[in-house]
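> In case you want the letters, here they are:
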Amino acid sequence: MNSFGNMAEAVIAGDFETVKKMTQTMIDEQVDPIAIINQGLMAGMNVVGVRFKAGDMFVPEVMMSARAMSTGIELVKPLIADTNMPSAGKVVIGTVKGDLHDIGKKLVVMMLESAGFQVVDLGVDQAPADFVKAVQEHNPHVVGMSALLTTTMLKMKDTVDALKEAGLRDKVKVIVGGAPVNRSFAEQIGADGFASDAATATDLCKTLAQ
Amino acid sequence: MAVGSNHGNGLFFRTLTEVQAQHIHAASSRILEETGMVIHHLEAVELLRQAGAYVEGENHVYFPAWLLEQALRTAPSRVTMYDRMGRPAMYLEGSNTYFGTGSDTLNFLDPFSGERRSWRTEDVAAATRVCDALPNIDFVMSMGLLSDVEKRMINREQYAIMIQNTTKPQVVISEDGDTLRDIIEMAAVAVGGKERLRQKPLLMSYTEPTSPLQHPAESIDKLLVAAEYGMPTNFACGGMAGASVPTTVGGALVQANAEALSGLVIHQLKRPGAPFIYGYGNSPMDMRTMQAVYGTPEAILFQGGLVDLAHFYNLPCWGYAGCCNAKVCDEQAVMESTMFTLMGALQGCNIMHDVFYMEFGLTGSLELLLISNEAIGRARRIQRGIDTDPAHLAVEAIQRVGPGGNFLGDEHTAQYFRENWQPDLSDFNNYENWTLNGSQTMAERAREKLKYLMEHHHPEPVPAEVKEQIERILKAASARLG
Ligand code: B1M
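Those protein sequences? They're chains L and S, same order as listed.
One point on numbering: in this note's numbering, the residue at position 85 of the first sequence is 85, and numbering is uninterrupted.
Position in the second sequence (first residue = 1) + 210 = this note's numbering.
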């Protein structure tokens with residue numbers, strides 16, 4: 001147990017060298033790979049999430065912790081069958097057509113990944129049809145759209161409609177975000193949720209992916 | 211040109227030494243030569259290829275040093291902007307400084323209801339008229355995003371409002387090249403034709419590509435349209451330190467400079483000598499809230515470095531002033547915006563925008579605009595420095611007044627006191643008189659003055675036939691967009 005605790009501490013410290021070494025040692029000692037993830041790596045990351053929200057950690061430190069966690073996960077991944085791989089859920093995300101703002105969306109992606117989500121990032125300037133295609137291909141729990149321009153926000157509704165038309169709307173939760181977007185707009189276009197920042201977006205996905 | 215800003219009477223300010231500027235130039239040149247830029251625009255890539263840049267794949271361009279130097283030789287060192295009447299209004303050169311608003315805030319902080327709400331056409335028109343009245347606001351941008359017009363028409367409608375509610379020069383946002391063409395049409399009818407507009411530019415196009423190390427198609431489109439019309443344009447890539455440019459001020463400068471120079475090269479290849487305003491927009495990312503923040507000490511230092519690079523290259527420079535992160539016009543708003551304004555003035559940044567921005571550009575406040583107008587006035591006085599000619603050294607006056615005398619009754623005071631800065635919104639009353647005047651805070655006085663200006667200031671109108679032509683251009687665009 002103590003070694004799981006140390007591993008979590010190394011994740012929190014963002015010390016990927018140590019995380020790598022500890023993970024390898026545990027693998028060599030035939031520790032259950034799923035336990036390595038859940039009790040060591042993810043346990044550390046959960047603490048990071050709490051500390052970040054409390055304002056005790058800053059974004060770049062969270063990113064280092066997330067990288068440390070993935071270093072460990074990369075090592076144990078080959079030992080776990082795909083279907084057993086612990087994941088908080090799958091999210092497809094992109095910035096809508098006509099919009100090139102992606103800093104906020106990238107942060108959402110990084111936060112989701114650090115919370116254990118599998119994320120497919122489509123990039124910027126994505127048309128409704130691109131979202132539909134990605135949902136068909138990846139079968140995610142949640143599809144997320146980001147827009148920073150008042151003009152491009154409207155594309156979010158088009159995407160929701162396109163998902164309906166393709167018969168996919170019941171199979172996936174839709175969330176939206178970006179500076180001009182708000183809760184009432186999300187409701188108006190028939191999305192399932194809105195988040196004002198990356199940390200809230202992660203919590204929202206946790207709820208929706210259950 | 212030497213690095214640093216020369217103001218009045220020997221007042222001098224610089225952020226970088228010449229050697230530091232040289233180091234940054236070398237580092238940016240390395241980035242352009244070794245890492246290159248991805249340019250999502252076929253015509254621009256072709257221009258670059260033919261000029262001797264190295265192109266990998268479809269659009270990854272590597273810039274040899276001589277290509278940068280060639281562009282730096284053809285770009286003009288000064289750009290004059292004119293008002294709607296064709297009078298010179300801004301000489302963008304050397305250490306001259308000019309101030310204006312920002313564009314496209316989502317929310318209007320209604321000065322009279324205190325409400326944070328969306329902008330309507332009449333709000334933007336009223337705000338623009340206020341700018342027209344303020345002596346220290348030299349140019350305008352659109353200020354508010356119109357919530358009451360068709361979305362694809364926003365930029366065009368904003369322009370129609372600007373040109374009809376002020377004679378001051380404008381910096382314009384356009385969604386794409388097509389929008390920009392319509393805006394140029396409107397400007398041309400107001401000043402008497404395209405040729406005249408080229409000769410006496412009333413507007414500057416605002417171009418803001420995405421970092422890191424790439425230029426999107428529509429930014430390059432607009433850059434080329436501006437070059438084609440010989441209309442001044444900036445090329446201020448927008449980055450967030452810690453996200454799309456390095457978190458260190460030096461690193462941010464290296465990348466910003468590389469991106470700006472790559473834009474300059476494309477622009478000068480399209481039309482050598484076309485007016486280009488060097489610059490970059492860097493809002494550092496706050497690592498707790500992930501917001502793009504304005505006017506932090508690092509953002510201000512960054513601008514100082516950028517202006518010195520512009521001086522080093524002998525190019526006019528674009529920047530920021532008078533903007534903040536506060537949500538209402540409070541102490542933080544005034545502290546952040548005033549610090550930026552004074553520093554920008556000392557840095558000698560030629561054209562500074564975003565005066566009146568609150569909440570990192572999401573909200574606009576007219577109280578802050580008025581307070582900034584006053585802060586700019588103070589800064590401008592500081593820029594004039596200390597006059598040391600015999601009249602100002604006042605030896606004779608000192609001798610006249612002598613030990614134990616008083617300058618108040620001396621003619622020297624009567625003759626020169628008006629050169630000193632005079633408050634307008636700032637209150638210099640004693641406590642009793644301040645109470646008699648209603649114990650107002652500065653923001654309250656600003657609101658009072660706003661009300662007065664909104665009721666009493668009438669900008670020079672555009673002639674009826676120009677108004678009709680503008681309507682016609684708007685209608686045609688609206689029909690085209692369906
Ligand atoms: C799926 O679920 C979710 C859930 C939550 C989600 C989410 C998705 N997506 C975001 N979130 C949320 O979580 C994130 C992290 O906490 C947050 O993301 P944000 O993106 O809000 O926050 C980021 C972490 C930091 N914020 C940002 O990155 C945006 C900052 C500001 C200053 C900004 C920037 C940096 C840029 N810009 Co532009 N830009 C502005 C912005 C003003 C502002 N303060 O918002 C804004 C958005 N821009 C604006 C404009 C007008 C433009 N910009 C443009 C360009 C750019 C840059 C390229 C220079 C650059 C973007 C670089 C990039 N790679 O993204 C142009 C458009 C280009 C295009 N087609 O997209 C251009 C049109 C200007 C021009 N003519 O060149 C204004 C938009 C007005 C409007 N709403 O229509 C603007 C408000 C500034 C202004 N007042 O003028 C949350 O919103």
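A couple of the hints might just be wrong.
Simulated crosslink set (DSSO-like; lysine-lysine; CA at most 30 Å straight-line) [to be verified]:
1) LYS361/S / LYS157/L
2) LYS53/L / LYS361/S
3) LYS164/L / LYS410/S
4) LYS133/L / LYS361/S
5) LYS157/L / LYS685/S
6) LYS21/L / LYS133/L
7) LYS537/S / LYS106/L
8) LYS133/L / LYS53/L
9) LYS361/S / LYS106/L
Here are some of the chain L residues that sit facing chain S, going by a computed Cβ distance under 8 Å [unchecked claim]:
10) ALA54
11) PRO60
12) MET64
13) LEU107
14) THR150
15) THR151
16) LEU154
17) ALA166
18) ALA179
19) GLY190
20) PHE194
21) ASP197
Computed far set for chain L versus chain S, every beta-carbon distance over 10 Å [unchecked claim]:
22) PHE58
23) VAL59
24) THR83
25) ALA88
26) LYS106
27) GLN136
28) ALA162
29) ARG169
30) PRO180
31) THR207
Honestly, the hints are just simulated from the structure, not real lab data.
Just so it is clear, CB atoms sit at the ideal spot from N, CA and C, and this is done for glycine as well.
> Each hint needs a verdict: does it hold in this structure or not?
Against the structure, the hints:
no.: 1; hint: LYS361/S / LYS157/L; verdict: 15 Å, holds
no.: 2; hint: LYS53/L / LYS361/S; verdict: 37 Å, violated
no.: 3; hint: LYS164/L / LYS410/S; verdict: 53 Å, violated
no.: 4; hint: LYS133/L / LYS361/S; verdict: 27 Å, holds
no.: 5; hint: LYS157/L / LYS685/S; verdict: 27 Å, holds
no.: 6; hint: LYS21/L / LYS133/L; verdict: 40 Å, violated
no.: 7; hint: LYS537/S / LYS106/L; verdict: 25 Å, holds
no.: 8; hint: LYS133/L / LYS53/L; verdict: 34 Å, violated
no.: 9; hint: LYS361/S / LYS106/L; verdict: 26 Å, holds
no.: 10; hint: ALA54; verdict: 11 Å, violated
no.: 11; hint: PRO60; verdict: 6 Å, holds
no.: 12; hint: MET64; verdict: 12 Å, violated
no.: 13; hint: LEU107; verdict: 5 Å, holds
no.: 14; hint: THR150; verdict: 6 Å, holds
no.: 15; hint: THR151; verdict: 5 Å, holds
no.: 16; hint: LEU154; verdict: 7 Å, holds
no.: 17; hint: ALA166; verdict: 25 Å, violated
no.: 18; hint: ALA179; verdict: 6 Å, holds
no.: 19; hint: GLY190; verdict: 19 Å, violated
no.: 20; hint: PHE194; verdict: 16 Å, violated
no.: 21; hint: ASP197; verdict: 6 Å, holds
no.: 22; hint: PHE58; verdict: 4 Å, violated
no.: 23; hint: VAL59; verdict: 5 Å, violated
no.: 24; hint: THR83; verdict: 34 Å, holds
no.: 25; hint: ALA88; verdict: 20 Å, holds
no.: 26; hint: LYS106; verdict: 7 Å, violated
no.: 27; hint: GLN136; verdict: 27 Å, holds
no.: 28; hint: ALA162; verdict: 19 Å, holds
no.: 29; hint: ARG169; verdict: 25 Å, holds
no.: 30; hint: PRO180; verdict: 5 Å, violated
no.: 31; hint: THR207; verdict: 21 Å, holds
Taken one by one, the earlier hints fail for this structure at numbers 2, 3, 6, 8, 10, 12, 17, 19, 20, 22, 23, 26, 30, listed in ascending order.
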